[in-house]
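Asks: Listed below, chain by chain, are the residues.
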Amino acid sequence: MEFSSRETWTVIHGLVLGTLFLLAFAGGLAGLWSMRPGLMTTEGIKERMGRLYVGAWVMAAAAWGAVITGTWIVYPWYRVKLAPVGEDAYAGCVDAILPNAACSPRDFLKSNVSGDTEMWHIFGMEWKEHVSWAAPILATAAAFLIVYYGPRLIARPWLRAAVIVMFVAAFAAALVGGAFGAFLNKVAPIV
Amino acid sequence: MITDFDPGRHDDESVAPELAPLNLDPKPDGPAAAVMIASGLGVFTLGLMTTLAVINGSVKSFLEWFQFDQGVGALAGKSTVSVLVFFVAWLVLWLIWRQKDVVLKTSFYIGLGLGILGVIGTFPPFFEMFE
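Here the protein sequences line up with chains A and B, keeping their order.
In terms of the numbering used here, the first sequence is numbered consecutively and its last residue is 852.
In terms of the numbering used here, the second sequence is numbered consecutively and its last residue is 122.
Next up, chain A with everything else stripped away, as it sits in the complex (with noise of 0.2 Å):
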C-alpha cells in the first residue's frame, strides 16, 4: 500500500490542507460568532482568544499551502501537453480510458475521448484555478484584523461582521477550489 509522488501531491494539496483549512474555518467561525457583548466572561475571552488565534493563522496558513503546492506542483502535471502528434492535439488520447504517459488530465478532458468532459476543464479547472487564490489573501486578511483588534471585536460589531464576511469569502473561494478540485480528480486523476 504506497502513493506515488504525484498521488502524495495531490493529497498533501487537496486532502491534508483542504482538511486543515476547513477545520480552522469552522472553529474560527464558531469563535467569531460568539464575540458578542455580554456572552462571555473575562476568563472566558482570555481563554477562547489564544484558540481563535492559533486558528484564524492556521486557515491562512494552510490556504497559501494548498494554493502554492496547487499552483507549482500538482497544476503543471494537469497541463502539459502530452498528446499532440503532428496535427492532431489529442491523438495521445485515442481510446484513453483515463489520462496516462501519453494523455495528460487537460488533454484528456478537452479531448472529449470519454463523453463530453471539455466543460470540467473550461469551467471547472479554469474557475478553479484562479479564484482559488483569493481564499489565502482573504484568510490573511481576517486573521491580521482577528489578531490585531483581539477582544475588542466584541465592541466593534460592524468591524467584526466584516471579519466574518472576509472569514466566510475566503472559505467560498476554497470551496469552488476544493469542490471543483475533487470532481476533477474523479473524472481526470493526476496519474
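Because the hints were derived from the structure by calculation, they are not lab data.
Backbone N, C-alpha and C define an ideal beta-carbon position, used for all residues, glycine too.
So the derived label-pair ranges between C-beta atoms look like this: (1) A:D749 / B:Y100: 48 to 54 Å; (2) B:Q61 / A:L700: 44 to 50 Å; (3) A:A763 / B:I46: 31 to 37 Å; (4) A:P698 / B:M(-8): 22 to 28 Å.
If we take Cβ atoms under 10 Å as the criterion, some of the chain B residues that face chain A in the derived model are: (5) S5; (6) P8; (7) A23; (8) K69; (9) S98.
Starting from the known structure of chain A, arrange chain B on it as the hints suggest.
Replies: Relative to the frame of chain A, chain B by itself:
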C-alpha cells in the same frame, strides 16, 4: 473620512464591560481599513489579470514570464502579481493609516466591491467573452 486617531473615540469597555479587566490598549480603525481595501485590490487584480491575459497576448506573455520554466503558464504571473499587489497595498495603506481613524463602512464596501469585480474577472463565462 480620515481623521487622526482619537483614543477616546472607541470606548470599547462601555459597550462590553467584560473587556475592562483586560486593560486593552486603544486601537485605531486605520489598519483595518488598510487590510480591507488591500485584500479587495488583491482579488481585483487576480480577476483583472485573468481577463487581460485573454484579451491581450502581450499581457499573457508577461504573466507567463513568472513561471520560470515550471510549466505553470500564465497562472504563475496572475497569482504572483495579485499577491504582490495585496501585500504592497497593505504595507502602503498601513504606513499611511496606522495612526488614523478611517470610516470602516466605506473601506469595507470599497474592498467588497473590488473583491466582487475580481471574482467576476475570474469567472470563465465572463473572460471567455473576450476570446
